[in-house]
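Chemist: Listed below, chain by chain, are the residues.
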Amino acid sequence: MRTYLDFEKPIAELESKVAELRALSDQDDSAVSIADELATLEEKSRTALIETYAKLTPWQKTQVARHPERPHFLDYIHGLVADFTPLAGDRLFAEDHAIIGGLGRMNGRSVMVIGHEKGSDTEGRIKHNFGMARPEGYRKAQRLMGLAERFSVPVVTLVDTAGAYPGIGAEERGQAEAIARSTDVCMGLGVPIVSLVIGEGGSGGAVAIATANRIYMLEHSIYTVASPEAAASILWRDSARAVDAATNMKITAQDLLGLGVIDGIISEPTGGAHRERDNVIAAAGAVLDEALSEFSGMSADEIRKDRREKFLAMGRVS
Amino acid sequence: MNWINQVVRPKIRNILRKKEVPDNLWVKCPETGQMIYYKDLEANGFVVPGSNYHMRMSAEVRLKSLFDGGDYESIPFPDVSPDPLKFRDERRYTERLKDARNKTGLKDAVMVASGRLDGLKTVAAVQDFQFMGGSLGRAAGEAVVTGMRTAVMQNAPFILFAASGGARMQEGILSLMQMPRTTVAVQELREAGLPYIVVLTHPTTGGVTASYAMLGDIHIAEPGALIGFAGPRVIEQTIREQLPVGFQRAEYLLEHGMVDMVVHRHELRDTLSRLCGLLMERERGREIALPEQLNGVEAADMPKSTITAGDGEAMMAASGEAPAYKKGNGVAAASEDDHSDETPDETSAASNGADAERPRSI
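Going line by line, the protein sequences match chains A and B.
Okay, so the first sequence: first residue is 16 according to our numbering, each after it adds one.
Okay, so the second sequence: first residue is 5 according to our numbering, each after it adds one.
For the record, the hints were derived by calculation from the structure and aren't laboratory data.
Watch out, some of these pointers could steer you wrong.
With a cut-off of at most 25 Å between alpha-carbon atoms, the simulated DSS-like pairs for lysine-lysine come out as follows [stated by the list, open to error]:
(1) B/90 with A/70
(2) A/24 with A/59
(3) B/107 with B/43
(4) B/90 with A/325
(5) B/90 with B/102
(6) A/70 with A/24
Computed from a prediction, not measured in an experiment: that's the story for all the values here.
Whenever a hint applies, use it, and build me the whole structure from the sequences.
Modeler: Shown next, in the form of structure tokens:
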């Protein structure tokens, strides 16, 4: 059963009718008229999908980015990384399942992959805390990046979080420091980091692992200073105005490319990444691999310089 | 004068504004409700006598209280385009900016200045909470970067007084990008071997805490200051329970190892001066261990005190390529000989409490 978003209702109706008719025509092959009707209906449903997705509003994109069936970190790992060997723990306090990291091979190349995992069913979502990391997650990321650097292994990060977890324990153990230090480690790393926002890039919790040499986004992903709900709460003390915040804040991949914050956009199939997961994952793999290749032969200093200059230049021109 | 405020243009309004006299000559202590005469409060460094509540200070007052004789030179920072997102809600962002400028007389939420601290050349930046909650946008980011780079150019320690509600929502993602941008400047300070002292004042939260305000060599907090990543309201909404008393206050952070000390405002200047003096010892003629040595492969041969100094450098050292960090300021030249005893390890080693056990790659 596919999950439909609220604005997809007309599409949902058409697609269920198509499914019904198809079931009918399978049973009864004498009914020629049904085949005709089926074809028109399929066409209609297809057009509706294309039209809706051609003009998604920022809030609709937010919903697509959060779609429960959207491919998550582990799906990319299964699709792209051979010999993936997860590495656990920050060596200080705990293992945080909201951020997963480990070594593996992408297109033959040894890489350190780090990213947020939101979980894909109720149990998984609880285990991974909906992709909202605590300080341990960011300290694990720092540890793994340091490890990658010592062995000259490039780092790939996949970003998908509403933000770092706001809780008592997280504050107690220095959530702010963990994020600040993680950004610091990213910025000083002598191996390339390439980031891809696969769903939501939320606030400091995203930047902490997305301070990268190259940053890409999927077509219907978002990257924000604060989740639309949080921004609405900060600006207007009313999280119900999330739609307004999403509309005003320029959070879509297209906006961010225009602002010079990201380097490129990976197209999604009509209807969103969850409709053709394998294709999206393969396309992402190709882009990441190409980005990493740009840095082969560069010295640690050159890589560091590239990253620093990228961020210093950001926002200065526009 | 109310009608005139409605009619005249902002620029003129700014002239009409009487600068030094506060709206209310009597100020209420937010903690005890006690009423204090403004002049008394001012004379006491904006600390309420009796309750010891540390009130907010404007950027200007703060700088005056820091530098010798209250003398400082304001450092200009690059302009940014006013409203990249064309953000508007009930009002335009540009209008809100204009209001904040008129109210505070500042260009943006951060003011940068240089002066002398007990004779030692020092650069400081102050976030003014009156300016849109001290929020971090592109202008504030430029100010912080400019301040840190000025310190590097002048070979001076850098002191930052943080006060901020976090990132400026009206600048969206470009505001978020100030977190990595300011981090670049922090790294430049670190590479130049210059002290970076953060004074966390009430309140410091959000993107500011989650970047440069938590990357200091030494963290000082003012008593009672609220310091954290997520604001208390957000946390309460998320976990749906009451927060413990004293949660996210300066003293709580001290207890949890996030700041080095909580210092009363009356002792702040002396503390800052002492720390800068201790850390900048080499500027006064003594030759001591310098960061470059921390990058060397022979770190193991060095006295222990040298290795523990400045976790920051050790982190950087993880990236190898020692020569990259030799640059800057003629500082490196003094390093060859005497590096055994003078390392200010006590302060620096403590400064990154949470990091002290972090794996290092030397």
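Chemist: Would you mind marking each hint as holding or not holding in the structure?
Modeler: Here is how each hint holds up against the structure:
| no. | hint | result |
| --- | --- | --- |
| 1 | B/90 with A/70 | holds (21 Å) |
| 2 | A/24 with A/59 | holds (14 Å) |
| 3 | B/107 with B/43 | holds (20 Å) |
| 4 | B/90 with A/325 | holds (24 Å) |
| 5 | B/90 with B/102 | holds (15 Å) |
| 6 | A/70 with A/24 | holds (16 Å) |
In the structure shown, no violation is registered for any of the earlier numbered hints.
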